[in-house]
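Engineer: The primary structure of each chain is shown beneath.
There are 2 protein chains.
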Amino acid sequence: MQTEFTSDAILAFEQRYRATFINSLGGFKSLALIGTKSKSGQTNLAVFNSFFHVGANPPLFGFIVRPDSVDRHTLSNILETGVFTVNQVHEEIYEHAHQTAARYPREVSEFDAAKLTEEYKSDFFAPYVLESKIKIAASLIQKTDIAENGTIMILAKINSVTIPSNCIGTDGFVDLEKAGTITCQGLDSYHTTKRLSRLTYAKPDTWPKPM
Amino acid sequence: MQTEFTSDAILAFEQRYRATFINSLGGFKSLALIGTKSKSGQTNLAVFNSFFHVGANPPLFGFIVRPDSVDRHTLSNILETGVFTVNQVHEEIYEHAHQTAARYPREVSEFDAAKLTEEYKSDFFAPYVLESKIKIAASLIQKTDIAENGTIMILAKINSVTIPSNCIGTDGFVDLEKAGTITCQGLDSYHTTKRLSRLTYAKPDTWPKPM
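Here the protein sequences come in this chain order: Z and H. Everything in the first sequence is counted per my numbering, starting at 111 for the first residue and increasing by one. Everything in the second sequence is counted per my numbering, starting at 111 for the first residue and increasing by one.
Simulated from the structure, these hints should not be mistaken for laboratory data. Don't take every hint at face value.
[As the list claims (entries may be wrong)] Beta-carbon label-pair distances, calculated as ranges: (1) Asp118/H / Ser150/Z: 24 to 32 Å; (2) Glu217/H / Asp233/Z: 53 to 61 Å; (3) Met111/H / Gly192/Z: 43 to 51 Å; (4) Ala257/Z / Asn276/H: 33 to 41 Å; (5) Thr116/Z / Met111/H: 48 to 56 Å; (6) Arg305/Z / Asn167/H: 30 to 38 Å; (7) Glu228/H / Glu124/Z: 16 to 24 Å; (8) Asn167/H / Thr280/Z: 43 to 51 Å; (9) Gln125/H / Leu306/Z: 37 to 45 Å; (10) Leu306/H / Leu306/Z: 17 to 25 Å; (11) Asn276/H / Glu124/Z: 19 to 27 Å; (12) Thr113/H / Gln112/Z: 42 to 50 Å.
[Unchecked claim] Pairs of lysine-lysine residues, derived as DSS-like cross-links and limited to a Cα-Cα distance of at most 27 Å, are as follows: (13) Lys231/H / Lys288/H; (14) Lys304/H / Lys225/Z; (15) Lys304/Z / Lys231/H; (16) Lys313/Z / Lys225/H.
Even for Gly, the Cβ is constructed at its ideal location relative to N, Cα and C.
So here's chain Z without its partners, still in its complex pose (with noise of 0.2 Å):
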């Protein structure tokens, strides 16, 4: 049985409710660790699942940051060095990347609290996540203000990416299912996935196949 929720019905709820509601409701999400640093070198890192694609030339990517949350650390240290790495996480990090959202004070690095380790590359000054499989070093490019609720977009593009050889195919499809990439849904719910298959190329008076 199927039930319809006005947005009046919606904005009754309970706040919790609604917010664990509205929250679980959108789909799977992408879920990442963003590691940054500040110009006095203090690290921080926080899980992020609200991820989009933007473009492919420029590589470009975007997210949503919530000011009024742990996420403001990971926000001021973007907006003072212009750069952060973006970190997937697999089922062997998942509880580490959950309790990074803790409410640590600015002088505890996530890094230390939730077990994982620093590592930095290529003269890039934000630190990566050593036990993340795939990893991308960015920089900001645009900062816009969403002003119905506060919440801030970042437009990022991509400076470098590192991944384990063997997830990429011959035409360049990154395999995020062999390199354990899990996704999630709400705010603390995470899923592994299991490919039901790839679809040849949609094109009208032709039905898609499995690759």
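Based on these hints, arrange chain H on the given structure of chain Z.
Structural biologist: Frame of chain Z; chain H shown alone:
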């Protein structure tokens, strides 16, 4: 073995290889069919995978439209009427969803071409997908141009949510896996999910546990 690709190396990739690489890199994504109707009554249905949560109060989300693609009929209908539906995809209809990405002429409804059924509810102008199990009615709030590559960010509010009653937990959590909602990666890879666990709220000095 890991390989690091710099932005110069990525920009030197063959165009289609680069698009596949960057599109598949960012993580697992939400997957939904957006249903629209022009003022003159022409329906349109298109698959999108760039949804992101923006806020729970008011309930807001966003997605990215690439104006040089088949997305343009969706965009013009949303700008013309202000409303659209978001319909989640399960295993039985993922080939249908993929097929909506074919470049049909304006006068062809992808509902017909991809063998899905228009559904109208509660006097909402835009068509739902009858076969979908979780569906959202939404209204346009804001259109933001992303100058770097001509893409457009649509910010929208949720008007209503239709959902199987047995997929909502006592805390408001919407169990998408129970509803059969699938996830995708890149432009053509479709995946079911298997929950590892939901983890307890992250707090300093404790370690997250499965709920």
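Engineer: Take the hints in turn and mark each one as holding or not.
Structural biologist: Outcome of the hint check:
no.	hint	verdict
1	Asp118/H / Ser150/Z: 24 to 32 Å	holds, 31 Å
2	Glu217/H / Asp233/Z: 53 to 61 Å	holds, 55 Å
3	Met111/H / Gly192/Z: 43 to 51 Å	violated, 30 Å
4	Ala257/Z / Asn276/H: 33 to 41 Å	holds, 37 Å
5	Thr116/Z / Met111/H: 48 to 56 Å	holds, 54 Å
6	Arg305/Z / Asn167/H: 30 to 38 Å	holds, 36 Å
7	Glu228/H / Glu124/Z: 16 to 24 Å	violated, 35 Å
8	Asn167/H / Thr280/Z: 43 to 51 Å	holds, 47 Å
9	Gln125/H / Leu306/Z: 37 to 45 Å	violated, 27 Å
10	Leu306/H / Leu306/Z: 17 to 25 Å	holds, 19 Å
11	Asn276/H / Glu124/Z: 19 to 27 Å	holds, 21 Å
12	Thr113/H / Gln112/Z: 42 to 50 Å	holds, 47 Å
13	Lys231/H / Lys288/H	holds, 24 Å
14	Lys304/H / Lys225/Z	holds, 25 Å
15	Lys304/Z / Lys231/H	violated, 34 Å
16	Lys313/Z / Lys225/H	holds, 14 Å
Hints 3, 7, 9, 15 from the list above are not met by this structure, while the remaining hints are.
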